[in-house]
Structures are given as structure tokens and as C-alpha cells.
Amino acid sequence: DTAVSQTPKYLVTQMGNDKSIKCEQNLGHDTMYWYKQDSKKFLKIMFSYNNKELIINETVPNRFSPKSPDKAHLNLHINSLELGDSAVYFCASSQGLAGVDTQYFGPGTRLTVL
Amino acid sequence: AQTVTQSQPEMSVQEAETVTLSCTYDTSESDYYLFWYKQPPSRQMILVIRQEAYKQQNATENRFSVNFQKAAKSFSLKISDSQLGDAAMYFCAYRSAYSDYKLSFGAGTTVTVRA
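So the protein lines, in turn, are chains A and B. One point on numbering: in our numbering, the residue at position 17 of the first sequence is 20, and numbering is uninterrupted. One point on numbering: in our numbering, the residue at position 55 of the second sequence is 70, and numbering is uninterrupted.
30 Å max Cα-Cα, derived DSSO-like pairs, lysine-lysine:
no. : chain 1 : residue 1 : chain 2 : residue 2
1   : A       : 43        : B       : 88
2   : B       : 88        : A       : 44
3   : A       : 39        : B       : 85
4   : A       : 43        : B       : 85
5   : B       : 88        : A       : 39
Counterexamples of contact, computed for chain A against chain B with all Cβ distances above 12 Å:
no. : residue
6   : 14
7   : 19
8   : 29
9   : 67
10  : 76
11  : 83
Hints are computed from structural coordinates only; laboratory data are not their basis. Ideal placement from N, C-alpha and C gives every residue a C-beta, glycine not left out.
Sequences are here, hints too, so could you generate the full structure?
Here you go:
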């Protein structure tokens, strides 16, 4: 069974569109994250939720809005897509917020904005 | 903010040989966690090994081991008996034990394994 899953795995869209990426974890974890990996493979945190509460919002444009309907899901909605949003977006989860809690990553969603 | 530096963009190793990837970090904290993640061409991020800063003993996972030098703020990964399946990008990451719950990643090192 997949621990952290993301849909879709590939997303190609036009500038100005609105799109969503879904993430689900079946590990029973309390904490979920969104990371962005740019074209140079650099990974950076975007958001973190703990028990559906926003913990980290790392200076991300407000066109990006995470939503956590329950502890097992953390979706990422992006409005007015721009060329610079093209990247791979990773969802991750961990048992909790403690440093000892390992983060497990989903397979990533490759977003291409044309 | 913590900075993680991987100074080797690429490394090449002969199959069955050993390769060591370097990682240094900058922090003022005394307690933290360090990780190595592997990203193969499938792009899945896979945890390779984890080290707690308060533990002096270096972590080991099968063919993967680390050399953790706390005073030098160095955390290198050694891959022994390299296999073709080890070919991937390897990321070093730092996580505070107190706050700032994110993982801070280095820029990555691409490992190529020659048959």
C-alpha cells in the first residue's frame, strides 16, 4: 500500500489557470508538508500542517493555498498559475512535529506551466 | 536559519567500490537531526539514513554509513560496495530538535555508478 500518495503525478496547464494537487497519507500521521523542487533540484518547504492547523507558511505567494480537510489529507491549490510555478511538488508526512519524526515523501507532482 | 552545503555536485564510482558524499551545515543549536535522502530517476524521495546529534555513534544502514563530526558540523555519507541501483541524487538535510519543523536541504549530489 502506498504510504503517501499524490494526484496527479503530472500536470500540464496554461498560464493563468487554477489547479489543485491532492495528497493523502495512510500512515496515521498528524503532520503533513508541501515542498517545492525547482528546476535545479533545490528542495524547499512551502507549508506544514499539524492536526489540520497551519504551522509553517514559508513566504509563499498567496496564490498558493493549502487545505487540510482532515489529518490524512493536505491539498495544494494554486491560482493564476505562472511560468515560474513549474516545478515538482512533494507532499510529505511525519508522526508529529518532533525533530525525531522522520518525514516520508510522496512520489511528487511535476507541474508544467506553458 | 540553518544552511546545508553539499560541495560535490556530481560523484562517480565504480560498481563494488566505495564513494563518500560530503555535507556540512551551519547551526547554533546543540540538538538536531541530520538525514540523507536518495532521489532516483523515479524522483521518489527515499530516506537512506538518520543521525541524532546527541548520539556520538555514527549511524549505519547496511551498506550506508555516516561520519558525523559535530564540532566540525560535518555529516558525510559513505556508500560501500556500490551497486547500479545506488545511482541517484543524494540530499543531505537538517532538522531542528526544538522548532522550525521543516527539513532544510542541501543542493544535492548526483551519484553515477559505472558498471
